[in-house]
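A.B. asks: Let chain X serve as the given structure and place chain L on it in line with the hints.
So the protein lines, in turn, are chains X and L.
Each step along the first sequence adds one to the number in the numbering used here, with nothing skipped, and position 83 is 83.
Each step along the second sequence adds one to the number in the numbering used here, with nothing skipped, and position 374 is 374.
Think of the hints as simulated: they come from the structure by calculation, not from any bench.
For every residue, glycine included, the Cβ atom is placed at its ideal position computed from N, Cα and C.
Mixed in with the good hints there might be a few duds.
Only pairs whose alpha carbons sit at most 25 Å apart, straight line, appear in this in silico SDA-like list of lysine to any residue [as the list claims (entries may be wrong)]:
| # | chain 1 | residue 1 | chain 2 | residue 2 |
| --- | --- | --- | --- | --- |
| 1 | L | K100 | L | N113 |
| 2 | X | K36 | L | E166 |
| 3 | L | K250 | X | S141 |
| 4 | X | K36 | L | R271 |
| 5 | X | K36 | L | K100 |
| 6 | X | K36 | L | G265 |
| 7 | L | K250 | X | G34 |
| 8 | X | K36 | L | G80 |
| 9 | X | K36 | L | N113 |
| 10 | X | K36 | L | K225 |
| 11 | L | K259 | X | V30 |
| 12 | X | K36 | L | D268 |
| 13 | L | K259 | X | L72 |
| 14 | X | K36 | L | I247 |
| 15 | L | K225 | L | D268 |
A short list of chain L residues far from chain X (calculated; beta carbon distances all over 10 Å) [as the list claims (entries may be wrong)]:
| # | residue |
| --- | --- |
| 16 | P14 |
| 17 | R91 |
| 18 | N96 |
| 19 | A106 |
| 20 | N113 |
| 21 | G121 |
| 22 | A132 |
| 23 | G141 |
| 24 | A190 |
| 25 | A210 |
| 26 | I219 |
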Amino acid sequence: MAVRVVGPMAWIGWPTLLAILFTVLLSTPVSLLGLKLPQPVWPMVLAFAWPLIRPSMVAPAVLFGLGVFLDLFWGGILGLWPLSLIAVYGGMLAARNLMVGQETLFLFVMYTGCTLFAFLLAYVIVTVSIGNAPSLIATASQVLPTLILFPIADWMIQRFDDGDVRFR
Amino acid sequence: MAFRDGPFENIKVPLAWTAAVVVVVALVAAIVMIIGDRGTASGRGEAGPVRAGFVAVAGPVGGVFSAPVRWMGAVGDHIGGYFFAVSENRRLKAENEELKQWRDQAIAMKTVNERYEALMGIRTDPPVPMAAGATVQDTRGPFARARLIDVGATRGVRIGNPVLNEHGLVGRVVGTTAGISRVLLLTDVASRTPVLIERTDQRAFLTGDASANPRLAYIRGVGLKAGDRVLTSGDGGGFPRGLPVGIVAKGVDGSWRVKLFSDRGAVDYVRVLLFQSFSQLADPNALNAPPLAGLGSAPPPDTNEAAAITDATARRTAVEAAAVAARNRRIGEANAARATPVPSQAQPTATPPQQQAPPPPVTGQAPPPAPGAQG
Numbered sequence: 001m002a003v004r005v006v007g008p009m010a011w012i013g014w015p016t017l018l019a020i021l022f023t024v025l026l027s028t029p030v031s032l033l034g035l036k037l038p039q040p041v042w043p044m045v046l047a048f049a050w051p052l053i054r055p056s057m058v059a060p061a062v063l064f065g066l067g068v069f070l071d072l073f074w075g076g077i078l079g080l081w082p083l084s085l086i087a088v089y090g091g092m093l094a095a096r097n098l099m100v101g102q103e104t105l106f107l108f109v110m111y112t113g114c115t116l117f118a119f120l121l122a123y124v125i126v127t128v129s130i131g132n133a134p135s136l137i138a139t140a141s142q143v144l145p146t147l148i149l150f151p152i153a154d155w156m157i158q159r160f161d162d163g164d165v166r167f168r
Numbered sequence: 001m002a003f004r005d006g007p008f009e010n011i012k013v014p015l016a017w018t019a020a021v022v023v024v025v026a027l028v029a030a031i032v033m034i035i036g037d038r039g040t041a042s043g044r045g046e047a048g049p050v051r052a053g054f055v056a057v058a059g060p061v062g063g064v065f066s067a068p069v070r071w072m073g074a075v076g077d078h079i080g081g082y083f084f085a086v087s088e089n090r091r092l093k094a095e096n097e098e099l100k101q102w103r104d105q106a107i108a109m110k111t112v113n114e115r116y117e118a119l120m121g122i123r124t125d126p127p128v129p130m131a132a133g134a135t136v137q138d139t140r141g142p143f144a145r146a147r148l149i150d151v152g153a154t155r156g157v158r159i160g161n162p163v164l165n166e167h168g169l170v171g172r173v174v175g176t177t178a179g180i181s182r183v184l185l186l187t188d189v190a191s192r193t194p195v196l197i198e199r200t201d202q203r204a205f206l207t208g209d210a211s212a213n214p215r216l217a218y219i220r221g222v223g224l225k226a227g228d229r230v231l232t233s234g235d236g237g238g239f240p241r242g243l244p245v246g247i248v249a250k251g252v253d254g255s256w257r258v259k260l261f262s263d264r265g266a267v268d269y270v271r272v273l274l275f276q277s278f279s280q281l282a283d284p285n286a287l288n289a290p291p292l293a294g295l296g297s298a299p300p301p302d303t304n305e306a307a308a309i310t311d312a313t314a315r316r317t318a319v320e321a322a323a324v325a326a327r328n329r330r331i332g333e334a335n336a337a338r339a340t341p342v343p344s345q346a347q348p349t350a351t352p353p354q355q356q357a358p359p360p361p362v363t364g365q366a367p368p369p370a371p372g373a374q375g
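Okay, chain X solo, but in the shape it has when bound (with noise of 0.2 Å):
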């Protein structure tokens, strides 16, 4: 039985240009009933697991350029996004021994935790460099989307953990 080898492209390539395409996708202006589609920060789920997954200088970089891609993309502040989801990157990245192995519950408190944590300082730049502080209700209702996306980075560390034991 031939090894199956996980390489960059499975855990980082592929997640990557499926964030991009959800974001783009879920940019699109429908509205029905008055309600418009929600729009999660999608890179938070990589920001996340990557680290947990295995520590590698790829990761951050392309978390780095997804950040761009969203302040870009949906016209914010240049930096916005990169420093929030490179901040969570390096927080998970320090308590990466607490974290590998933890049950999902745990988990998802501290997906809770760098989410929140990112949106704070998220809100605190834009509050700073506008002038101006953003709803609360707004900030929430991008949070909680943000928060429904944890099953996707359970899924990716629980498929990717452990690929190579020269990580563990």
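C.D. replies: Positioned in the frame of chain X, the structure of chain L alone reads:
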């Protein structure tokens, strides 16, 4: 000695450390980007080549996804129109009856208004051309509320142009490429729009905070009520006066907010007013020129003009000198009269009062005209 034979041969840097180095570099780069973009937060630097290039690519991609949505919406409207034709007909008839009354009033008021404008000599605003476009991408996050529309600089769209849908103001253009423009919505945290309350003529700033109902800030005056209509004030020249914005409402946090008219309709099609500012109609160079600036570039006077100028200057100088001399003489005489004691009625003066010399005529004392001034 080869590198592999040296002391670094067996050194293996942990992957976590190398990843941490990349994280630190990325953090520094992100902070630098934020600082570099701060100065353009209101317009978000859409004129920058990176953003413009990205928008030029993202716009058509968004158009590919939004086109089927518009087609499905058109199909849905067609089916709905078929099944609800009777009720729609009744509603439109009632609306038509109401609108007829408004039409008559509008015609009457337009006539009166034209007479007033003619009487007062008011210079009315010229008509503003428009460009229609479709929305191809919609950002609805708390930190950015914007749309990409499929009209750009080739259709005359420029940064700052107001954008409306069929119900009211949507936002303004903050970035353009040849075929795609980015519209900053009224609800964006960076959006500030000068508005007025139609009933009281109060002024305020419509300030977006990423919620559906932007806040009214810096309200001047009192008497604001829920239900008042809000229009653009035109202050500052960014928007023409009188564009419909929304209705005043009290927010749950106690602040005055505005329910936007533009939320009543679909978001797919918009109109861009190709408006900059009516100050564009005046020549700014002529307005900003210093007085008598034309003298610097005028040709030198010929002989006759020079003689006339010299003669006029000499006459004016002589008249001014005579006037000064007369004033000084009058002052001296007044001082002398004040120094002389006034005689009483019982003791008539022995000497008769001095005759006051009449002032010399001022006119007629100018020097003769310079030669050549007459001819």
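A.B. asks: Hint by hint, say whether it matches the structure.
C.D. replies: Hints and how they fare:
no. : hint             : result
1   : L:K100 to L:N113 : holds, 20 Å
2   : X:K36 to L:E166  : holds, 19 Å
3   : L:K250 to X:S141 : holds, 21 Å
4   : X:K36 to L:R271  : holds, 21 Å
5   : X:K36 to L:K100  : violated, 36 Å
6   : X:K36 to L:G265  : holds, 13 Å
7   : L:K250 to X:G34  : holds, 21 Å
8   : X:K36 to L:G80   : holds, 20 Å
9   : X:K36 to L:N113  : violated, 43 Å
10  : X:K36 to L:K225  : violated, 30 Å
11  : L:K259 to X:V30  : holds, 21 Å
12  : X:K36 to L:D268  : holds, 12 Å
13  : L:K259 to X:L72  : violated, 29 Å
14  : X:K36 to L:I247  : holds, 22 Å
15  : L:K225 to L:D268 : violated, 32 Å
16  : P14              : violated, 8 Å
17  : R91              : holds, 19 Å
18  : N96              : holds, 26 Å
19  : A106             : holds, 31 Å
20  : N113             : holds, 38 Å
21  : G121             : holds, 42 Å
22  : A132             : holds, 16 Å
23  : G141             : violated, 5 Å
24  : A190             : violated, 5 Å
25  : A210             : violated, 4 Å
26  : I219             : holds, 16 Å
Comparing the model with each earlier hint shows violations of hints 5, 9, 10, 13, 15, 16, 23, 24 and 25; every other hint is respected.
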